[in-house]
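Once you've looked at the hints, dock chain B against the given chain A.
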Amino acid sequence: MPSATSAGELRSLAERIRQGDTAAETELVHEFSRRIFVMGVVRTRDREAARDLVQDVLMAVIGALRKGQLQDADKLPAFVHGTARNLINNCLRNASQRPPTEPLPEDLPQTNSIAQLEDAERMRLVHQALERLGQEDRKILWMTLVEGHKPGEIAAVLGLTSEVVRTRKLRAVKKVTELIEKKMSRT
Amino acid sequence: MNCKEVEEQDIQERYLLDRLTELEREEFEKHYFECGSCFSQLQTGLAVQAELRREPLLSEKVRGASLRRTWVWAPVFATIVVLLSAGIWWYGAQKSRQSQQASSSPAKASPEASMRPQTPALAAPSNQAPSMQELARVEPPPYSAMVLRGGEDEGQESFRKAMRYYVKGDYAQAIPGVRAAVKASPRTPSYNFYLGACYFLTGQTDSAIVSFRKTVSLGDPGYSESAHFYLAKAYLIKSEVSAAEVELRATIRLQGDHEAESRDLLRQLPK
Chain A
1 MPSATSAGEL
11 RSLAERIRQG
21 DTAAETELVH
31 EFSRRIFVMG
41 VVRTRDREAA
51 RDLVQDVLMA
61 VIGALRKGQL
71 QDADKLPAFV
81 HGTARNLINN
91 CLRNASQRPP
101 TEPLPEDLPQ
111 TNSIAQLEDA
121 ERMRLVHQAL
131 ERLGQEDRKI
141 LWMTLVEGHK
151 PGEIAAVLGL
161 TSEVVRTRKL
171 RAVKKVTELI
181 EKKMSRT
Chain B
1 MNCKEVEEQD
11 IQERYLLDRL
21 TELEREEFEK
31 HYFECGSCFS
41 QLQTGLAVQA
51 ELRREPLLSE
61 KVRGASLRRT
71 WVWAPVFATI
81 VVLLSAGIWW
91 YGAQKSRQSQ
101 QASSSPAKAS
111 PEASMRPQTP
121 ALAAPSNQAP
131 SMQELARVEP
141 PPYSAMVLRG
151 GEDEGQESFR
161 KAMRYYVKGD
171 YAQAIPGVRA
181 AVKASPRTPS
191 YNFYLGACYF
201 LTGQTDSAIV
211 SFRKTVSLGD
221 PGYSESAHFY
231 LAKAYLIKSE
241 VSAAEVELRA
251 TIRLQGDHEA
261 ESRDLLRQLP
271 K
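From first to last, the protein sequence lines are chains A and B.
Under the numbering used here, think of the first position of the first sequence as 1, with each following residue one higher.
Under the numbering used here, think of the first position of the second sequence as 1, with each following residue one higher.
Careful: at least some of the hints might be erroneous.
As the list claims (entries may be wrong) - Okay, derived cross-link-like pairs now, DSS-like style, lysine-lysine, Cα gap no bigger than 27 Å in a straight line: (1) A/Lys150 / A/Lys175; (2) B/Lys214 / B/Lys168; (3) A/Lys169 / B/Lys30; (4) B/Lys161 / A/Lys150; (5) B/Lys214 / B/Lys238; (6) B/Lys4 / B/Lys30; (7) B/Lys183 / B/Lys168; (8) B/Lys183 / A/Lys150; (9) A/Lys67 / B/Lys168; (10) A/Lys169 / B/Lys4; (11) B/Lys4 / A/Lys174; (12) B/Lys30 / A/Lys175; (13) A/Lys75 / B/Lys4; (14) B/Lys30 / A/Lys75; (15) A/Lys175 / B/Lys4; (16) B/Lys214 / B/Lys183; (17) A/Lys169 / A/Lys150; (18) B/Lys183 / B/Lys161; (19) B/Lys214 / A/Lys150; (20) A/Lys169 / A/Lys182; (21) A/Lys183 / A/Lys169; (22) A/Lys174 / B/Lys30; (23) B/Lys183 / A/Lys182; (24) A/Lys183 / B/Lys238; (25) B/Lys161 / B/Lys238; (26) A/Lys150 / A/Lys174.
What the hints assert, rightly or not - Here chain B is said to cover these stretches of chain A; the calculated rule only asks that three of the stretch's residues, wherever they fall, bring their Cβ under 8 Å from a Cβ of chain B: (27) 37-45; (28) 58-71; (29) 143-150; (30) 175-182.
To be clear, the hints were calculated from the coordinates, so they are not data collected in a lab.
Predicted model, so just to flag it, every value in this text is computed and none were measured.
All residues carry an ideal CB built from backbone N, CA and C; glycine is no exception.
Just chain A, same shape as in the assembly (with noise of 0.2 Å):
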């Protein structure tokens, strides 16, 4: 399924920002700003890093576009997955090697705050789509999600066969997403 920004709005995104165009480097904060936050959390296990390597990565992709560094346009998020790879491996490597500082332009929006708030509303409605489920779908959510079992070893526990604990796991979490995207949809 392709991204809410189409390809070629990412393609033309990419000739925009070289052209000097502000608007495009928003749109360009907002399409991928979550995603390297995603990434930098998992990767890094740590929030608080993730969220200055948005930053980093936001920094060095738009300062690369607008030299025209891009060859192929279409190839514009695994660019933007490429350089927040490379990033996050430097920091994991060397925690004081920083890369090179430029400074975001002023009227770029504040991606840490509008990242933080959408997390922060994320979390709520995650709290109360895990408060509806049932007590032992939140227990086979716990087991794979916190704990790392496999539904085999999840069924042995709680009594059922790993094709139900496989088949409960999917629907509890296809519930959670669906009432997210619903009320997200909304704000």
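Chain B in isolation, oriented as in the chain A frame:
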């Protein structure tokens, strides 16, 4: 990678648990940088994981369920088997002695005496209140490495290196480095707290108490609650129930991650 593969191979879940190969991780990241649907599910998965981690009550209940099934019952069954075997052996021995005695002195044979040892020995484990050691049992305080910006000072470097041992469960090996960090920066709560944790996890309870007390005295809300909680556990190891109770009440007042567990523990303390 496509959406179907992501779903069929539990890619999202394995990504959140850091169980993908480097190649799979790279492919999945490339995919969700372009796929709105998979990214939306991933965001939810990450939020659900974070929220579940913050729920101590559920954690305790689920962990309790797992433990009951995997660990607690195993020794109970083993004990029953051993006791039954001993009982059968004892009963057999008694019977043969009785039959020997019956031939010489039948009046000395007592039917009650032959049954007495079996019943209380089997009944006792299920009726016993948790022991002090059971109440003092604790998970090691979790630790995730901070990614620091700018130069590290001496204390930060010692601490970072030492905590590599800590996350591997080698608490004894972590102690010298964490101690060096405390020496370099005595007023840093995290250093004092994890030094206490290392001592506690290596059975050096008195030293742990000193470090946890120091952590509490530094007044950092991020560590005070945990320090009170682990102090309570340390006092339980020393069977100092009143001191443990004071620390549990202090933990509850701070309404943090250990509140629910502390309430449970408080109820189970011997009066």
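A quick look at each hint next to the structure:
| no. | hint | result |
| --- | --- | --- |
| 1 | A/Lys150 / A/Lys175 | holds, 20 Å |
| 2 | B/Lys214 / B/Lys168 | holds, 25 Å |
| 3 | A/Lys169 / B/Lys30 | holds, 25 Å |
| 4 | B/Lys161 / A/Lys150 | violated, 32 Å |
| 5 | B/Lys214 / B/Lys238 | holds, 19 Å |
| 6 | B/Lys4 / B/Lys30 | holds, 15 Å |
| 7 | B/Lys183 / B/Lys168 | holds, 23 Å |
| 8 | B/Lys183 / A/Lys150 | violated, 44 Å |
| 9 | A/Lys67 / B/Lys168 | violated, 45 Å |
| 10 | A/Lys169 / B/Lys4 | holds, 17 Å |
| 11 | B/Lys4 / A/Lys174 | holds, 15 Å |
| 12 | B/Lys30 / A/Lys175 | holds, 26 Å |
| 13 | A/Lys75 / B/Lys4 | holds, 22 Å |
| 14 | B/Lys30 / A/Lys75 | holds, 10 Å |
| 15 | A/Lys175 / B/Lys4 | holds, 19 Å |
| 16 | B/Lys214 / B/Lys183 | holds, 13 Å |
| 17 | A/Lys169 / A/Lys150 | holds, 11 Å |
| 18 | B/Lys183 / B/Lys161 | holds, 15 Å |
| 19 | B/Lys214 / A/Lys150 | violated, 41 Å |
| 20 | A/Lys169 / A/Lys182 | holds, 20 Å |
| 21 | A/Lys183 / A/Lys169 | holds, 21 Å |
| 22 | A/Lys174 / B/Lys30 | holds, 23 Å |
| 23 | B/Lys183 / A/Lys182 | violated, 53 Å |
| 24 | A/Lys183 / B/Lys238 | violated, 51 Å |
| 25 | B/Lys161 / B/Lys238 | violated, 31 Å |
| 26 | A/Lys150 / A/Lys174 | holds, 18 Å |
| 27 | 37-45 | holds (count 6) |
| 28 | 58-71 | violated (count 0) |
| 29 | 143-150 | holds (count 6) |
| 30 | 175-182 | holds (count 4) |
Checked against the numbered hints above, the structure breaks hints 4, 8, 9, 19, 23, 24, 25 and 28 and satisfies the rest.
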